[in-house]
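Residues per chain are reported as follows:
2 protein chains.
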Amino acid sequence: MKKILNKPESYVDETLAGLCAAHSHIYHQPQPRLITRAEKTNTNKVGIVTGGGSGHLPVFTGYVGEGLLDAAAVGDVFASPSAELMAETIRAADNGQGVLLLYGNYGGDVMNFDMASETVDFEDDIRCTTVLAADDVASASPEEAAKRRGVAGMIYGFKLAGAKAEEGASLDEVTRVASKAMANTRTIGCALTSCILPAVGRPTFDIGENEMEMGMGIHGEPGIWRAELRTADEIAEEMFERLQSELQLTEGDAVSVLVNSLGATPLEELYILYQKIEKLILAKGARIVQPLVGRYATSMEMTGASLTLCKLDNELEQLMNAPAHCAFWRV
Amino acid sequence: MKKILNKPESYVDETLAGLCAAHSHIYHQPQPRLITRAEKTNTNKVGIVTGGGSGHLPVFTGYVGEGLLDAAAVGDVFASPSAELMAETIRAADNGQGVLLLYGNYGGDVMNFDMASETVDFEDDIRCTTVLAADDVASASPEEAAKRRGVAGMIYGFKLAGAKAEEGASLDEVTRVASKAMANTRTIGCALTSCILPAVGRPTFDIGENEMEMGMGIHGEPGIWRAELRTADEIAEEMFERLQSELQLTEGDAVSVLVNSLGATPLEELYILYQKIEKLILAKGARIVQPLVGRYATSMEMTGASLTLCKLDNELEQLMNAPAHCAFWRV
Chain A
165 MKKILNKPES
175 YVDETLAGLC
185 AAHSHIYHQP
195 QPRLITRAEK
205 TNTNKVGIVT
215 GGGSGHLPVF
225 TGYVGEGLLD
235 AAAVGDVFAS
245 PSAELMAETI
255 RAADNGQGVL
265 LLYGNYGGDV
275 MNFDMASETV
285 DFEDDIRCTT
295 VLAADDVASA
305 SPEEAAKRRG
315 VAGMIYGFKL
325 AGAKAEEGAS
335 LDEVTRVASK
345 AMANTRTIGC
355 ALTSCILPAV
365 GRPTFDIGEN
375 EMEMGMGIHG
385 EPGIWRAELR
395 TADEIAEEMF
405 ERLQSELQLT
415 EGDAVSVLVN
425 SLGATPLEEL
435 YILYQKIEKL
445 ILAKGARIVQ
455 PLVGRYATSM
465 EMTGASLTLC
475 KLDNELEQLM
485 NAPAHCAFWR
495 V
Chain B
165 MKKILNKPES
175 YVDETLAGLC
185 AAHSHIYHQP
195 QPRLITRAEK
205 TNTNKVGIVT
215 GGGSGHLPVF
225 TGYVGEGLLD
235 AAAVGDVFAS
245 PSAELMAETI
255 RAADNGQGVL
265 LLYGNYGGDV
275 MNFDMASETV
285 DFEDDIRCTT
295 VLAADDVASA
305 SPEEAAKRRG
315 VAGMIYGFKL
325 AGAKAEEGAS
335 LDEVTRVASK
345 AMANTRTIGC
355 ALTSCILPAV
365 GRPTFDIGEN
375 EMEMGMGIHG
385 EPGIWRAELR
395 TADEIAEEMF
405 ERLQSELQLT
415 EGDAVSVLVN
425 SLGATPLEEL
435 YILYQKIEKL
445 ILAKGARIVQ
455 PLVGRYATSM
465 EMTGASLTLC
475 KLDNELEQLM
485 NAPAHCAFWR
495 V
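Line by line, the protein sequences are chains A and B. Take the position in the first sequence, starting the count at 1, then add 164; the result is the number in my numbering. Take the position in the second sequence, starting the count at 1, then add 164; the result is the number in my numbering.
So here's chain A without its partners, still in its complex pose (with noise of 0.2 Å):
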């Protein structure tokens, strides 16, 4: 295993120990798995939630701050975090307005988020709202989209539902934006080597030295295809084309474009897919608002890369151009 870590059982809290050490005007740590904003400048807006497991930075913890999330709950890698601790987190991000909770659509974390929501409902009087983003259009059909897992596409909901709560927008507002952004956000990965789980020490799947899969799921759930490897070029053309077929982009939309590296794809490759891609947006006549290229969802070295598309009304443009600030993205 080709990892530069001390001990698995330490790989989370090391990784946490470090992100906060390193930008301490950023994140706050009051609890071993629980991240918040470092100062607390605006003491009466909505909060913002987000948890999941480990192994995907700058996903989840790496979201908060200014303008996007007040607080996540961290979970070993690739598995959710307690009840308990994401109700601390909801308790820890509240100002009296209610709490939104944002997270990915895997079984686990919407269990115990669910769960989490009744205790501090109960317990503290704390309104929660959630919307989960479920933008990964290979992990289920149309007809059965809210069975979609959650993946690069959450960032959105991050930028978007977080810039309307620092607005001072209700819960019930915050809750709307956050819905209309996952709603109009779709995304599709594929991989081409598998990540590996510090615990396990071996690669999480096989595949073939000359193979890539469509579609595969950041935690190496089975995708679409699997085939021999493909130019940039048509990678880019099937990856846009099977979010396009649901997004429908035309002449005048405004669209939010993110090619993301799920951790060992270099930039370089990542810009190579990026000027094709691009190509295909303006040849619908669509203009692209904030492009963003880089890593903003990984599952530690898995080679791959994934396409998102957030398409913008004037409202989620106006605030995809607003502030945001944290060690990952600046606006």
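Derived from the structure by calculation, the hints contain no laboratory data. Check each hint, because a few of them may be wrong.
[As the list claims (entries may be wrong)] FRET-style restraints, in silico, Cβ to Cβ:
#1 B:R394 x A:G271: 32 to 40 Å
#2 A:T205 x B:E331: 29 to 37 Å
#3 B:R394 x A:E385: 29 to 37 Å
#4 B:I388 x A:V364: 27 to 35 Å
#5 A:D477 x B:H189: 18 to 26 Å
#6 B:R366 x A:E337: 49 to 57 Å
Quick caveat, the model's predicted, so the values are computed rather than measured. Glycine included, each C-beta is placed from N, C-alpha and C at the ideal position.
Use these hints to put chain B onto chain A, whose structure you have.
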């Protein structure tokens, strides 16, 4: 070869096309392999130019931007740009105040930049000075420090000289700051797996499944030792001690720290390294200014990490905190 690309021979040009398309407000491409700032906000400043082989993003091109570089000459993967291209790059960066050439200490780059410098002096009456980044302590002994290669630490030269130039300082002053910055900067890296040159299609070097190499260069140049993979704390301690023996950080010193991934090594592991390195620095009584953790100088998909320390006097600390803005670094 698990790379997302079209043809090896279009790798660099498509990368640059994507970079300039995604960040058109930052980068401008007047010639295929020449990148300048999108906007010349200050038309009376000293120019700063860099250049070198591709495959190291964000180095070199990515650091063109406000408070940083004015222009970069882009070579093929791991290959020097031509002297003609470098001369064009110097011309593009010149505002009549002279141009600092600031780049890594590699034979081909030195030869070509020296020729370019003579050309523009003779043909265009542009005065150039040169400061080489030679921060890699593993590449030669302290007695032969002038033979050392330039690696991740060069970004401190870009930042500090860039800030000085933005103040309107003379070429001699900007050159003095660049020299001081590089004299105060040391780097050491370690590699766990090789990168793959697109045109070659197989790893540059072989390394055992459980091995690492301390001090390996970013093109796969031989390092100091190769042995079984050590723990993160052991790696952090050795890297720190090798730099500390030259920098001699002590009570009250200010230092910036860069924990850099060579490509595939994920953020999680960088933060595990950082939390240890921070303790080692604080134990010396030194103070950390603007820690950087991420991918600042890479070798495509190479696995491994480097540590850079830049010791800051009052002047350098102030320049470190001056505004800067490129697609990969914002102060």
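Run through the hints listed earlier and report the numbers of any the structure violates, in increasing order.
none
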